[in-house]
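> The primary structure of each chain is shown beneath.
There are 2 protein chains.
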Amino acid sequence: MLKEKDPSILFSEATSGDRRSLGRLITMIEDGDKQSTVISSLAFKTPGHSHLIGITGAPGAGKSTLTSAVVSLYRKAGKSVAVLAIDPSSPFSGGAILGDRVRMGDHVLDPGVYVRSLATRGELGGLAACVPEVARLMDSMSFDIVIIETVGVGQVEVEIAALADTTVVVVNPGWGDAVQANKAGLMEIADIFVVNKSDRPGAKETVRDIEAMLDMSNLTTWRPPVCQTVGIDGSGAADLCEKIQMHNEFADESGLLSQHRSNRLKEEIERKVASELFSRAKSMMGKASVKSLTECVIKGELDPHEAAIRVVDLVLVEEGSNGQKS
Amino acid sequence: MLKEKDPSILFSEATSGDRRSLGRLITMIEDGDKQSTVISSLAFKTPGHSHLIGITGAPGAGKSTLTSAVVSLYRKAGKSVAVLAIDPSSPFSGGAILGDRVRMGDHVLDPGVYVRSLATRGELGGLAACVPEVARLMDSMSFDIVIIETVGVGQVEVEIAALADTTVVVVNPGWGDAVQANKAGLMEIADIFVVNKSDRPGAKETVRDIEAMLDMSNLTTWRPPVCQTVGIDGSGAADLCEKIQMHNEFADESGLLSQHRSNRLKEEIERKVASELFSRAKSMMGKASVKSLTECVIKGELDPHEAAIRVVDLVLVEEGSNGQKS
Numbered sequence: 028m029l030k031e032k033d034p035s036i037l038f039s040e041a042t043s044g045d046r047r048s049l050g051r052l053i054t055m056i057e058d059g060d061k062q063s064t065v066i067s068s069l070a071f072k073t074p075g076h077s078h079l080i081g082i083t084g085a086p087g088a089g090k091s092t093l094t095s096a097v098v099s100l101y102r103k104a105g106k107s108v109a110v111l112a113i114d115p116s117s118p119f120s121g122g123a124i125l126g127d128r129v130r131m132g133d134h135v136l137d138p139g140v141y142v143r144s145l146a147t148r149g150e151l152g153g154l155a156a157c158v159p160e161v162a163r164l165m166d167s168m169s170f171d172i173v174i175i176e177t178v179g180v181g182q183v184e185v186e187i188a189a190l191a192d193t194t195v196v197v198v199n200p201g202w203g204d205a206v207q208a209n210k211a212g213l214m215e216i217a218d219i220f221v222v223n224k225s226d227r228p229g230a231k232e233t234v235r236d237i238e239a240m241l242d243m244s245n246l247t248t249w250r251p252p253v254c255q256t257v258g259i260d261g262s263g264a265a266d267l268c269e270k271i272q273m274h275n276e277f278a279d280e281s282g283l284l285s286q287h288r289s290n291r292l293k294e295e296i297e298r299k300v301a302s303e304l305f306s307r308a309k310s311m312m313g314k315a316s317v318k319s320l321t322e323c324v325i326k327g328e329l330d331p332h333e334a335a336i337r338v339v340d341l342v343l344v345e346e347g348s349n350g351q352k353s
Numbered sequence: 028m029l030k031e032k033d034p035s036i037l038f039s040e041a042t043s044g045d046r047r048s049l050g051r052l053i054t055m056i057e058d059g060d061k062q063s064t065v066i067s068s069l070a071f072k073t074p075g076h077s078h079l080i081g082i083t084g085a086p087g088a089g090k091s092t093l094t095s096a097v098v099s100l101y102r103k104a105g106k107s108v109a110v111l112a113i114d115p116s117s118p119f120s121g122g123a124i125l126g127d128r129v130r131m132g133d134h135v136l137d138p139g140v141y142v143r144s145l146a147t148r149g150e151l152g153g154l155a156a157c158v159p160e161v162a163r164l165m166d167s168m169s170f171d172i173v174i175i176e177t178v179g180v181g182q183v184e185v186e187i188a189a190l191a192d193t194t195v196v197v198v199n200p201g202w203g204d205a206v207q208a209n210k211a212g213l214m215e216i217a218d219i220f221v222v223n224k225s226d227r228p229g230a231k232e233t234v235r236d237i238e239a240m241l242d243m244s245n246l247t248t249w250r251p252p253v254c255q256t257v258g259i260d261g262s263g264a265a266d267l268c269e270k271i272q273m274h275n276e277f278a279d280e281s282g283l284l285s286q287h288r289s290n291r292l293k294e295e296i297e298r299k300v301a302s303e304l305f306s307r308a309k310s311m312m313g314k315a316s317v318k319s320l321t322e323c324v325i326k327g328e329l330d331p332h333e334a335a336i337r338v339v340d341l342v343l344v345e346e347g348s349n350g351q352k353s
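Those protein sequence lines, which keep their order, are chains F and L.
Each residue of the first sequence is one higher than the one before, counting from 28 in our numbering.
Each residue of the second sequence is one higher than the one before, counting from 28 in our numbering.
Certain hints may be false.
If chains are identical, the list can't say which one is meant, so a pair holds when it fits in one copy or spans any two.
Below are the BS3-like pairs computed for lysine-lysine, each with C-alpha atoms no more than 27 Å apart in a straight line [said to hold, decoys possible]:
hint : residue 1 : residue 2
1    : K326      : K32
2    : K293      : K106
3    : K231      : K72
4    : K61       : K103
5    : K103      : K270
6    : K61       : K309
7    : K231      : K32
8    : K231      : K309
It is worth saying that the hints were derived from the structure and are not from the lab.
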């Protein structure tokens, strides 16, 4: 184990380009370390100008390869990029086939690119709580572009993708792929669609399916464009970057971006409130009065919902009177 | 829209075999309907004897086909089965290829089998909160076997699989599949491993990889057996059912089962406590004092964590004093 350093020292080291310090800060946030609130506060007080891009889609849609192609273009344009990969089968987190790993490896030696996988186990909603924090840290480190890559399969993963300023949904040509994206809740969160692997048969039909779904939905302001890409040779990636830029400008000028960011902050506060209340509730669970309620449930005398209501009343009375005293 | 019926009437109708009433009860739980606490309470007071089996694995591992084969065997043994599918790409929820859908269709006309897909969108943790409730409802309906099928990809989905009495992790032959399962957190929750599609090359190697990982882990009581199956022709399914039975007996006799169930109830209470506190906090978010805190965060004057702590203090003081009054 490395000796714990003061997070503000790590933060200033990270700001001056020390990637190991940056990595340690992220780990502290991931682990829900006590010091992570200090890090968040520092990051919050040092806002940057990052454009936060979410890239999501089913496993095997070719998100990492596409991300790599997009990163190359941003680098050519002189922009610094951070990639946060939240994907158990992603090359970044070590699950995918060797070829992909090598492909993303193009950027490993580039100091203008920072790649990091995120995984938080244990507490429910831990990942959703930690991603906005890490994204904000990246912003305070002055990255121009921050990409969050998630697999659009799990409920939490879809919610995380929706946190971005611009959300890109990746599908593949093929029967029902667009329909499936719709079922998984991906249509609602998309600002841009990408039909990746567009050199395969059925690409045009998939584009048409998505356009048809867009025709049927109630779009008031921004109609998501549908791009075609081949991640593996990079074709279409420039068009995608252009559409991302267009969306960013539109969102900025129309006031949607600041509205979206305000909403995100509100949701973040709500989530933090919930997690704070939960940890207080957890500490209550050990108390004698609560233990006996739990025993009643295990014996079948009281149902879990009734027990929970009684625990909440106990927590509120106790903590409330403490709060008034202090 | 169907007119809302009293949940206790629906419950007794469902108990006497009315599947439409059962379906409506589940929908009420999924939607977080106010009446769902009544349903939970009824279900809790009418315990059955279900064995709760979780089946999980990566998308495409052949979980549904394997589940169908297992269901056939239980039916031959005269046992009634409920299948709860939590999987955006599952045939039950409509995402998968037509072949799979037809295959599980074998059981559609069998009154001893009940198949239902579950999806809860919106609130974080909604799915994890609703699955134990629905599983308990199935138990009170006297199903012998309740199978929960999830895709072991998302964080929440892995947690849901771990709720079962017996958790089966399905992998496929191939380089790194076992390793990937390990990374996704599936090794920790497995009571039984299945290498499905074992007619493909690499099956033996995958079994060996899993055994090697088990050798390295600290197993104190139960060592998960590793089965080989071919879901599509049902071979190995009988062996799997036998291993499931063995695990159930072991867990029952060793006291692990009742301990696991007690822990599950404790976790359920915790989750309900958190969700109750969260909904009280949410109603607080509209109040003037909280709104001004949120405004400070949006202006960058206060960081989200500090704001959350202040909101919690406000909630506790206010609700606490209400509680004391009543």
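> Taking the hints in turn, state whether each one holds.
Checked hints:
For the identical chains of this complex, K326 and K32 are neighbours neither inside a copy (48 Å) nor across copies (31 Å), given an alpha-carbon limit of 27 Å. In this assembly of identical chains, the alpha carbons of K293 and K106 never lie at most 27 Å apart, being 30 Å within a copy and 50 Å across copies at closest. Within a single copy, K231 and K72 get their C-alpha atoms no closer than 47 Å, and across copies no closer than 55 Å, so neither meets the 27 Å cut-off. Taking the shortest Cα distances, K61 and K103 never come within 27 Å of each other, neither inside one copy (39 Å) nor across copies (55 Å).
Taking identical chains as interchangeable, the C-alpha atoms of K103 and K270 lie at most 27 Å apart only when both belong to the same chain, with a minimum of 17 Å there against 57 Å between chains. In the homo-oligomer, the alpha carbons of K61 and K309 lie at most 27 Å apart both inside one protomer (16 Å) and across protomers (25 Å), since each shortest distance falls under that limit. Taking identical chains as interchangeable, the C-alpha atoms of K231 and K32 are never at most 27 Å apart, the minima being 54 Å within one chain and 47 Å between chains. In this homomeric assembly, K231 and K309 never come within 27 Å of each other (Cα to Cα): the closest approach is 53 Å inside a single copy and 45 Å across copies.
Violated hints, listed in ascending order, are 1, 2, 3, 4, 7 and 8; each of the other numbered hints is respected by the structure.
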